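Sequences and hints are given; from them, build the entire structure.
Read off the chains here:
Protein chains: 2
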Amino acid sequence: MVGIPTLDDVARAAQVHPGTASRALNEETRSKVSPATVGRVLAAADRLGYTPNAVARGLRRQRSMTVGVLIPDLTNAIFPPIVRGIEESLSPRGFTAFVANTDNDDYRERRAFEAFRARQVDGFIFANARRDHGLIQEAFNLGIPSVLANRRTDKSLFPWVAGDDDDGVEQIVKHLVELGHTHVAHIAGPQNNSAGFARAESFRHFVKQHGLRELDCPVVIADAFDTESGGSATKQILHHFPAVTAIFAGNDMIAVGVLGALREAGVHCPVDMSVVGFNDMPLAKDLAPSLTTVAVSGQQLGAMAATLLLDEIAGVDRERTVLLPVELVVRESTAPPRVGALSLARQASAARE
Amino acid sequence: MVGIPTLDDVARAAQVHPGTASRALNEETRSKVSPATVGRVLAAADRLGYTPNAVARGLRRQRSMTVGVLIPDLTNAIFPPIVRGIEESLSPRGFTAFVANTDNDDYRERRAFEAFRARQVDGFIFANARRDHGLIQEAFNLGIPSVLANRRTDKSLFPWVAGDDDDGVEQIVKHLVELGHTHVAHIAGPQNNSAGFARAESFRHFVKQHGLRELDCPVVIADAFDTESGGSATKQILHHFPAVTAIFAGNDMIAVGVLGALREAGVHCPVDMSVVGFNDMPLAKDLAPSLTTVAVSGQQLGAMAATLLLDEIAGVDRERTVLLPVELVVRESTAPPRVGALSLARQASAARE
DNA sequence: AAGATTTATGCAATCGATTGTTTTAAGGTG
DNA sequence: CACCTTAAAACAATCGATTGCATAAATCTT
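Protein chains in written order, with the numbering used here: chain D, 5 to 357; chain S, 5 to 357.
Since the hints were made in silico from the structure, they are not lab data. Source: prediction; values computed, not measured. Certain hints may be false.
A short, non-exhaustive set of chain D residues, derived as facing chain S with CB atoms under 10 Å [said to hold, decoys possible]:
#	residue
1	R61
2	S68
3	T70
4	L78
5	E91
6	T100
7	A101
8	D107
9	G261
10	L263
We treat Cβ as the ideally placed atom computed from N, Cα and C, and that holds for glycine.
Structure (structure tokens):
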């Protein structure tokens, strides 16, 4: 026998029928085989270094023990921890992940989806959902077990795991208000993305609830969750809303862009402008100034998403929405507004009335 | 017929034998089937929405069209672009990647390796090589097609793709020397890692070649390629080598740690200390000060690694080592040493003699 | 001790596609 | 028209494992 040993090799070595060898090797069916035979088979398998061929098994069992993971942009620092969490949760249960980067591109997304389907994945984790998402709707229509991570579709199609953004936004607004800010701007992420949309909604709501005036709290929509978009949105704010003393960025990448634009404009953070991010991505604490942000455990998020998916695949009913706890991490980028800035802001808003 | 259509379904619909349908569907064998039949089969396949079952095909062909990718730490910003490049290169050739995070942990690494082997991957891309690496040696002994990305083993086992570190280090040293630095420290990455090791070697070499004195150019070994290790190494340098006016960090993450430690110690970068990183990771340009570093295209690196692997799988002979061009990106973190610092350094080194 | 029951194992079909080997039918040749 | 060649399609084995069913042997009934 040359090459990788197969079940037949093991059976031959143990002098039993392949079927018997299979039963002896599998926990669940082992009881149907006599202890002596089990011993012989196990010994033979061990001796030959037998590993079951997962492809053949998958074909027969109609269960590939693989799942497809669609990530919009792996270079966005919040996704790697999610991927890690997913693996963490899949691996002990014998599952493995196919990972694809979709670049927020419909065509690439579809190609990855088809490729994974052809490979008979048992389910999908979509971390790339838009609020209205054709592909995900299609997966739903096809009845493919799936879970949404981080972002969701407007229609509730699949279970969804994310951080409790609403709570995070409230903590941010509360923190800024307590520091004394009255003019807070929000740079929202793309509105076709549930995270961008919901955070903006929450912002509008909590700003009002905490006694700030809608007029003093502008929302600027960024084109993407990245530094460039954050930078150009910041320029708009500095130009159109000079009274603003704090910026709540839709996520940490946008916040990085904010910090850069402020530096460029000679506006000092946090003295002249407080900045808050969202997600607490790996480098947030290492920026200068270190970033006040809301921490969500990406790893936990990924692990939970994978767990829900595996349950769904196994046919177990589970909750459809899991919101993970979030935590406001206060660092150097937020501080009370300058006294001068405050009175200036008052003047400005007074003048506008 | 309910569920996903199979080849048999297509054959039945086209009124031909499955074997014939298979030949009609496959480019290479299509010529063995009459044009009329090809038409009927293709139409039937199209009508039913047939997608070949890649698992079944893989079983028969003894070629799964998948590859395993082992990444040491996906949250290290240099790896996501590599993964992306890998996918970019695999996908058009019909291959798909299994990705696993090894966390530099032997056990997890081995588990991922075994899991991927059981799934019959056609080859591996190892981005996690240590200079002496048992698992990779094993893969070599087993004759599994593989390629090393970024890091390599001391023994030349598999083809290797990486940036031209030697050139990068020379450019860094030259840049610093031209700025007027004479006392340059290097914070090297772990020495069991070829990148950490080779960069340190190159540093020692080029520092000498450019007329600096070995004594003035200490090398401190960091425990890991991360910010914490960079921070504590910086403290050592500040304490033991006060004459140093520039630090070349083993990679960008270490450099981030350096910047943090300098800030903490009240040492101003770049006025009091120049800092250089390595890799030009996504956020390097957004740090404050923005980081002078050596850019290597991770995406290109990944794409090349995948290409070499696919060639190897196909049995095509290719070069065994590919060094990608690198580029020094000068940003704000490097500047000429302070005049005071320079003379201070001279004094210090004079005193030592 | 003959029949019923249980236990252990063998047999063979199956998952979905590919491919070497016939078989059938059509066309060409002398 | 008998014979040969060639093209097209069918047949059947195969990849490696799982599993319903059949069979043989051992144990238990009464």
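Hint by hint, here is what the structure shows:
no., hint, in the structure
1, R61, "holds, 9 Å"
2, S68, "holds, 6 Å"
3, T70, "holds, 7 Å"
4, L78, "holds, 4 Å"
5, E91, "holds, 6 Å"
6, T100, "holds, 5 Å"
7, A101, "holds, 7 Å"
8, D107, "holds, 8 Å"
9, G261, "holds, 7 Å"
10, L263, "holds, 7 Å"
Of the numbered hints stated above, none is contradicted by the structure.
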